[in-house]
Structure formats: C-alpha cells, structure tokens
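Modelling step: build the complete structure from the supplied sequences, incorporating the hints.
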Amino acid sequence: MAGIYIHIPFCKQACHYCDFHFSTSLSKKDEMISAIQKELFLRKSELSETTIETIYFGGGTPSMLSLEEIQAILKTVYENYKVSHNPEITLEANPDDLTEIKIKELAASPINRLSIGIQSFFEEHLQAMNRAHVAEEAKKCLELATHYFDNITIDLMYGVPNMTIEQWKTNLETAFSFGINHISSYALTVEPKTALEKFIRQGKYPNVSEEEALAHFTILVEETEKQGFIHYEISNFGKPNYFSKHNTSYWKGATYIGIGPGAHSFQKTMRSWNVSNNPLYIKSIKENNLPSTTENLSLDDQYNEYVMTGLRTIWGISLVYIQQEFGGSYVDHTLHIAKTHLQEKTISQEAIFIKTTQKGKFLCDGIASDFFRI
Numbered sequence: 006m007a008g009i010y011i012h013i014p015f016c017k018q019a020c021h022y023c024d025f026h027f028s029t030s031l032s033k034k035d036e037m038i039s040a041i042q043k044e045l046f047l048r049k050s051e052l053s054e055t056t057i058e059t060i061y062f063g064g065g066t067p068s069m070l071s072l073e074e075i076q077a078i079l080k081t082v083y084e085n086y087k088v089s090h091n092p093e094i095t096l097e098a099n100p101d102d103l104t105e106i107k108i109k110e111l112a113a114s115p116i117n118r119l120s121i122g123i124q125s126f127f128e129e130h131l132q133a134m135n136r137a138h139v140a141e142e143a144k145k146c147l148e149l150a151t152h153y154f155d156n157i158t159i160d161l162m163y164g165v166p167n168m169t170i171e172q173w174k175t176n177l178e179t180a181f182s183f184g185i186n187h188i189s190s191y192a193l194t195v196e197p198k199t200a201l202e203k204f205i206r207q208g209k210y211p212n213v214s215e216e217e218a219l220a221h222f223t224i225l226v227e228e229t230e231k232q233g234f235i236h237y238e239i240s241n242f243g244k245p246n247y248f249s250k251h252n253t254s255y256w257k258g259a260t261y262i263g264i265g266p267g268a269h270s271f272q273k274t275m276r277s278w279n280v281s282n283n284p285l286y287i288k289s290i291k292e293n294n295l296p297s298t299t300e301n302l303s304l305d306d307q308y309n310e311y312v313m314t315g316l317r318t319i320w321g322i323s324l325v326y327i328q329q330e331f332g333g334s335y336v337d338h339t340l341h342i343a344k345t346h347l348q349e350k351t352i353s354q355e356a357i358f359i360k361t362t363q364k365g366k367f368l369c370d371g372i373a374s375d376f377f378r379i
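First residue of the sequence shown: 6, per this note's numbering; consecutive thereafter.
Calculated directly from the structure, the hints in this document are not laboratory data. Certain hints may be false.
To be verified - Cut-off 27 Å, straight-line C-alpha distance, at most; resulting in silico cross-link-like pairs (DSS-like, lysine-lysine):
(1) Lys-257 x Lys-174
(2) Lys-291 x Lys-43
(3) Lys-273 x Lys-364
(4) Lys-344 x Lys-366
(5) Lys-244 x Lys-109
What the hints assert, rightly or not - Derived CB-CB ranges, DEER-like:
(6) Lys-209 x Met-6: 40 to 50 Å
(7) Phe-377 x Lys-257: 18 to 28 Å
(8) Gln-348 x Glu-51: 38 to 48 Å
(9) Gln-329 x Ser-182: 45 to 55 Å
(10) Phe-377 x Lys-288: 36 to 46 Å
Just so it is clear, the structure is predicted and the values come from calculations on it, not from any experiment. Beta carbons are placed, not taken as given, at the ideal position from N, Cα and C, and that holds for glycine.
Listed below in structure tokens is the structure:
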C-alpha cells in the first residue's frame with residue numbers, strides 16, 4: 006500500500022500565516038502540469054511493486070486547476086502506477102473556487118473527497134489571515150458541496166488572536182450544521198519569514214496566546230466528541246469510516262511519493278524533498294533530472310519518526326513493533342522515558358501500547374521529543 010501526493014504550487018494570494026511553497030503567478034501553469042506529469046513518469050519504478058491506495062492533490066490551491074488539468078494528471082497516474090479499484094482521491098479546495106458548476110464537474114470526476122480550507126466563518130478572521138474567500142462564500146460552498154459529496158473535510162483554525170470563545174463555538178456549530186464528517190483543526194502558529202511574523206514583530210497584530218489556543222482546543226475536543234467524531238490524530242476528527250486514508254498512511258509510516266515542487270516523499274529508511282522553486286523544478290524535469298534532496302534515515306531517525314507520528318494518533322506506539330524493528334535497547338529506552346510521563350498522566354500504557362492521554366494531547370510534540378534518540 007502506498008500513496009501519491011501531488012503539490013499544486015499556485016494560489017490567488019498569500020495567506021499571512023502560510024509558509025508552504027506556492028506562487029501567485031500562473032504564467033508557468035501549463036509547464037508545471039507537464040512537469041508534474043513527467044515526474045510521475047520518471048518515478049514510476051519507485052512504486053512498481055505496490056498498489057496506490059490514495060492520491061492527494063495538495064498545495065497551494067489545487068482547486069485553481071481546471072477539471073481537464075486534474076484529469077490529465079490523474080490519467081498519467083493511472084497509466085504508470087498500479088492503482089487500487091477504489092482509491093481515495095482528495096482535492097484541496099478554497100471556497101471561492103467551488104462554484105456549483107465546479108462542484109458538479111468534480112463530483113462527476115474520479116475525485117471522491119474534498120478538503121475545503123474554511124479556517125473561520127467570521128469575516129474579521131478571514132481578513133486578518135488574508136484569505137481569498139469571504140464568510141458567505143464559505144457557507145454557500147458547503148451548502149452546495151454537501152449535495153454532491155459525502156466525503157468532505159474542512160479546515161478550521163483556532164488560537165487566532167481576537168477570536169472569542171463564543172466565536173470559536175459558533176465556528177464549530179456552523180460546521181456541524183452542514184453535516185460535515187471530518188474536521189482538521191490547527192492552532193495558528195507564527196512561522197518565520199511569514200507576513201504574520203512580520204506584523205507581530207512590528208506590533209501591527211497581537212501575538213498568539215498558548216492559553217487561548219488551549220482553551221479553544223479543549224472546546225474543540227469536547228464539542229466534536231458530542232457530535233460523534235473520533236479524535237484519531239491530534240489535529241484530526243472524523244466520524245466512523247471518514248478518517249483520512251491518505252493522512253493516516255503518513256502517521257502509520259506507509260510509503261508515499263511527493264510530486265511537484267516542494268513535495269516530500271518517504272520510505273521507511275529514506276526521505277526526500279523536491280526543490281521549492283517553480284522555474285528550477287520545471288527546468289530539472291525537462292532535463293530528465295529529479296530536483297530532489299535525499300536523506301537516509303539511521304535506526305535512531307526511524308525510531309524518532311515512528312514515535313513522533315505514532316504518539317499523535319489514537320493507535321499510539323507499540324512496544325512489540327519497537328522490539329521487532331529496532332531491538333531491545335529501544336524498548337528499554339522507551340519504557341525509561343515513559344516513567345515520568347506516566348506519573349504526570351500525559352501518556353498511558355495499555356498492554357503493549359503507549360498513547361497520549363487527553364491531558365497530553367496538546368503537549369504531544371514536546372512529549373514525543375522527550376522520547377527521541379539523538
């Protein structure tokens with residue numbers, strides 16, 4: 006089992022918090038799509054022995070592509086890879102792109118899951134983030150999309166300065182009112198070299214508050230549980246049978262390849278990433294060169310990766326798996342580090358599994374780093 010991630014590096018405008026690779030110029034869009042198709046062809050041998058279960062169009066804003074462009078990329082995937090009978094095919098989309106015509110087209114295509122970047126249903130938050138859509142478009146697109154798609158996830162952002170508890174609850178209630186079956190929700194983080202970081206430094210925007218983010222997170226966990234969602238990964242909440250298969254494969258250490266500029270790939274003992282530069286990416290692919298950097302993972306690296314992803318999920322980490330893959334010394338190390346966190350009740354041990362508790366979930370990245378072998 007493996008997945009393919011396809012990075013579409015174009016956006017209408019730059020969100021103030023975003024540090025992903027994208028361009029607001031579409032002048033090289035045709036060349037980029039050809040390059041993505043060619044990279045898929047050049048790398049087909051990497052997954053020749055396995056079946057593709059998930060295909061994910063991320064970005065950037067993949068919904069800026071026409072249906073014909075999406076179909077052309079998918080055709081290249083099907084021609085060069087062994088794809089399962091019913092793969093999960095996700096398209097990330099922004100509300101302002103999802104007209105009724107576009108949604109109908111997508112529903113008639115092989116795309117069977119939409120990931121819609123809502124972030125908030127309040128105008129002031131959207132403006133502060135510099136989102137391309139307005140609140141009314143967010144609601145309108147969900148009204149339309151839920152008529153044509155059953156498998157929809159939306160992104161909501163919490164910990165946003167000036168977002169009150171009441172507004173956060175309203176965001177969640179609005180999402181529930183559309184019958185959404187999956188929510189991905191992230192705390193606003195201040196990434197280096199983003200517009201947000203600059204505005205905070207200049208005193209033009211309030212800094213994010215960890216206290217507020219924790220209050221929002223606690224409400225998020227409580228309210229989604231009441232609605233029948235399962236909190237299966239730190240930032241992801243799904244109704245039964247609606248977990249993201251693609252993202253779950255990341256957290257469970259499955260193989261995936263990332264196609265397009267800035268895209269990352271992972272196999273058990275190796276990770277690689279493409280150059281985050283559109284002209285350089287296109288030029289390299291035209292010359293039949295893969296513009297990527299590869300890192301071979303040591304046993305410690307592989308263990309760290311397993312712990313970091315596993316502790317974020319409801320499945321946790323398995324002492325039996327650690328014994329089989331890494332050896333007894335890694336089990337001893339894991340149990341030694343676990344003692345303090347067990348006392349602090351930030352993790353629990355159930356037979357062979359170690360998992361984060363409700364108390365530990367918000368602190369998950371810090372807990373995982375305590376386990377790292379360096």
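Return the numbers of the hints above that this structure violates; sort them in rising order. The structure breaks hints 1, 3; every other hint is satisfied.
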